[in-house]
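S.K.: Below, each chain spelled out in residue letters.
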Amino acid sequence: MNNFDKIIHSTTHTQERTYAVVHRHWFDLASRFVIAALFLILITAFSIYAARIMKVNGTSELIPAIYFGTAMLYLITWLYSFFVWVDYFLDIWIITSARVINVEQKGFFARSTSELDYTHIQDVESEIQGIIQTIFNYGDVYVQTAGSQGKFMFRHVGRPEKIKTLVMHLNRQAISKRAHPEAIKKEQADHDTAHN
Amino acid sequence: MQLIALLYFVFLLCVLIACIIVAFHLQRYSINKKIATITTICFIIGTLILVTITTILFAGIPFEQLTQYR
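Those protein sequences? They're chains A and U, same order as listed. Going by our numbering, the first sequence opens with residue 3, and the numbers climb by one from there. Going by our numbering, the second sequence opens with residue 8, and the numbers climb by one from there.
Since the hints were made in silico from the structure, they are not lab data. Careful: at least some of the hints might be erroneous.
[Claimed, not checked] With a straight-line Cα cutoff of 20 Å, these simulated EDC-like cross-link-like pairs (lysine to aspartate or glutamate) come out: (1) U/K41 x A/D93; (2) A/K164 x A/E127; (3) A/K164 x U/E71; (4) A/K179 x A/E163; (5) A/K166 x A/E117; (6) A/K108 x A/E163; (7) A/K153 x A/E63; (8) U/K40 x A/D89; (9) A/K153 x A/D142; (10) A/K164 x A/E63; (11) A/K166 x A/D192; (12) U/K40 x A/E163; (13) A/K108 x A/E127; (14) U/K41 x A/D89; (15) A/K153 x A/D192; (16) U/K40 x A/E129.
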């Protein structure tokens, strides 16, 4: 059983179908990689400049130390890039026919998994803020829930309108199923027939 | 010289620990095994190359000459 199955089948939801597995928008990741790349360009330029200055001043013995320092900063930036990647890659929202699951990686030593039943949803709101989010069509989706659960948030996800529509559609479906339990029984029977 | 070598060894140890943490998280928690495996392989290869380069450069530092600048 892979990790996806472990998350999906952690509770006993019969006939659960997965509609979407959502990561944060790629721009969120790219912007942090661009910062790392700029840092690398800056330290490379600095080390080249420092080496030239040292040659001119007759202190070329120091050049290997400068190159070593640069290589160390490359290694640190490389590790940072992968920390960023892991944080991005392990943050997911899974929208299934029965619930929304949020798996959030908070640094390396904290990880939370929460899930939301559609019948608890009161309101769904999508928000795109600023010029960058408008150009790349990404933003936040807030799901307001009843009771103490508060807000459930999809942070920096692509096509938030589409996610909002999907969640609202599944919410309406869940409410309608609760109002008409015979429909669930019929669906269960259809499912059993299809699998026998 | 010995102190700097010790500090470099501690740095390499930290890199090794960071590598283990990243690889562990990718393999343990990823829902897409294929991407996780490719990423882990890239990460390990890249880290090994950079560690090798850093070690070669460290070995090439003329510490005896540098101490003259004190």
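S.K.: Which numbered hints turn out to be false for this structure?
M.R.: As far as the earlier hints go, 3, 4, 6, 7, 10, 11, 12, 13, 15, 16 are violated by this structure, in ascending order.
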